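Visitor: Sequence:
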Amino acid sequence: MFGLAVRFTLKDEESASGFDALVAETLPQIRESEPGTLVYAVHRVEEKPLERYFYELYRDRAAFDAHEEQPHVKRFLDARGQYLASVDVDFLTVQDAKGVSG
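Letter 72 of the sequence shown, counting from 1, is numbered 72 in this note's numbering, and no numbers are missing.
By construction, these hints were calculated from the structure, which means they are not laboratory data.
Since the model is a prediction, treat every value here as computed from it, not as a measurement.
C-beta atoms are modelled at their ideal positions from N, C-alpha and C, and glycine is treated no differently.
The reader is advised that the hints may include incorrect statements.
In silico SDA-like links for lysine to any residue, alpha-carbon gap of 25 Å or less [unchecked claim]:
| id | residue 1 | residue 2 |
| --- | --- | --- |
| 1 | K74 | L92 |
| 2 | K98 | F2 |
| 3 | K74 | R31 |
| 4 | K98 | A16 |
| 5 | K98 | K74 |
| 6 | K48 | A16 |
| 7 | K98 | A62 |
| 8 | K98 | E34 |
| 9 | K74 | G99 |
| 10 | K74 | A24 |
| 11 | K74 | A63 |
| 12 | K48 | Q70 |
Derived Cβ-Cβ restraints for the label pairs, each shown as a range [as the list claims (entries may be wrong)]:
| id | residue 1 | residue 2 | range |
| --- | --- | --- | --- |
| 13 | G99 | A62 | 31 to 41 Å |
| 14 | P35 | E13 | 18 to 28 Å |
| 15 | R31 | A79 | 33 to 43 Å |
| 16 | K98 | E13 | 12 to 22 Å |
| 17 | E13 | Q95 | 30 to 40 Å |
| 18 | R61 | D12 | 32 to 42 Å |
| 19 | G99 | D12 | 29 to 39 Å |
| 20 | R61 | D88 | 32 to 42 Å |
| 21 | E14 | E46 | 28 to 38 Å |
| 22 | E25 | Q95 | 13 to 23 Å |
| 23 | Q95 | P71 | 19 to 29 Å |
| 24 | E13 | R59 | 28 to 38 Å |
| 25 | S17 | K74 | 16 to 26 Å |
Make the full structure from the sequences, and use the hints.
Guide: Now the structure itself:
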């Protein structure tokens, strides 16, 4: 199992709206066409309206690499920069869990 957590900080409220629209366009395609993507959760942060957290869990590193090569993901990666003040990525290795096997 392979995962990552990503914190996006958006420039302003207009950027937050644009980013959320981009996510809404991308996520259904991830659901429909990526069997190796086990969890792709997008979170808003309470009392921090310009932050979004993504929690992503993949069957393995190869499934993540396949995700990154999808046209809808490439479009997301290319378009997101216009909305961002910063991005922080942490790559994760499952140590123990409920509901998933590592």
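Visitor: So, for every hint listed, does it hold in this structure?
Guide: Status of each hint after checking the structure:
1. K74 / L92: holds, 21 Å
2. K98 / F2: This hinted pair holds, its Cα atoms lying about 15 Å apart.
3. K74 / R31: Holds - the C-alpha atoms of R31 and K74 are around 16 Å apart, at most 25 Å.
4. K98 / A16: This hinted pair is violated, its Cα atoms lying about 32 Å apart.
5. K98 / K74: violated, 31 Å
6. K48 / A16: Holds, at about 11 Å.
7. K98 / A62: Holds. K98 to A62 sits at ~23 Å (cutoff 25 Å).
8. K98 / E34: Holds - the C-alpha atoms of E34 and K98 are around 22 Å apart, at most 25 Å.
9. K74 / G99: violated, 29 Å
10. K74 / A24: holds, 15 Å
11. K74 / A63: Distance of about 15 Å is within 25 Å: holds.
12. K48 / Q70: violated, 30 Å
13. G99 / A62: 31 to 41 Å: At roughly 22 Å between Cβ atoms, A62 and G99 fall outside 31 to 41 Å, so the hint is violated.
14. P35 / E13: 18 to 28 Å: Hint violated: Cβ distance 36 Å, outside 18 to 28 Å.
15. R31 / A79: 33 to 43 Å: At 19 Å between Cβs, range violated.
16. K98 / E13: 12 to 22 Å: The hint (12 to 22 Å, Cβ to Cβ) is violated, given that K98 and E13 are roughly 36 Å apart.
17. E13 / Q95: 30 to 40 Å: Between E13 and Q95, where Cβ atoms are some 37 Å apart, the hint holds.
18. R61 / D12: 32 to 42 Å: Holds, since R61 and D12 (Cβ atoms, about 35 Å apart) stay within the stated range.
19. G99 / D12: 29 to 39 Å: holds, 37 Å
20. R61 / D88: 32 to 42 Å: Since R61 and D88 have Cβ atoms about 20 Å apart, the given range 32 to 42 Å is violated.
21. E14 / E46: 28 to 38 Å: violated, 21 Å
22. E25 / Q95: 13 to 23 Å: With Cβ atoms ~34 Å apart, the hint is violated.
23. Q95 / P71: 19 to 29 Å: violated, 33 Å
24. E13 / R59: 28 to 38 Å: Distance hint for E13, R59 holds at roughly 36 Å.
25. S17 / K74: 16 to 26 Å: Holds: the Cβ-Cβ distance is about 22 Å, inside 16 to 26 Å.
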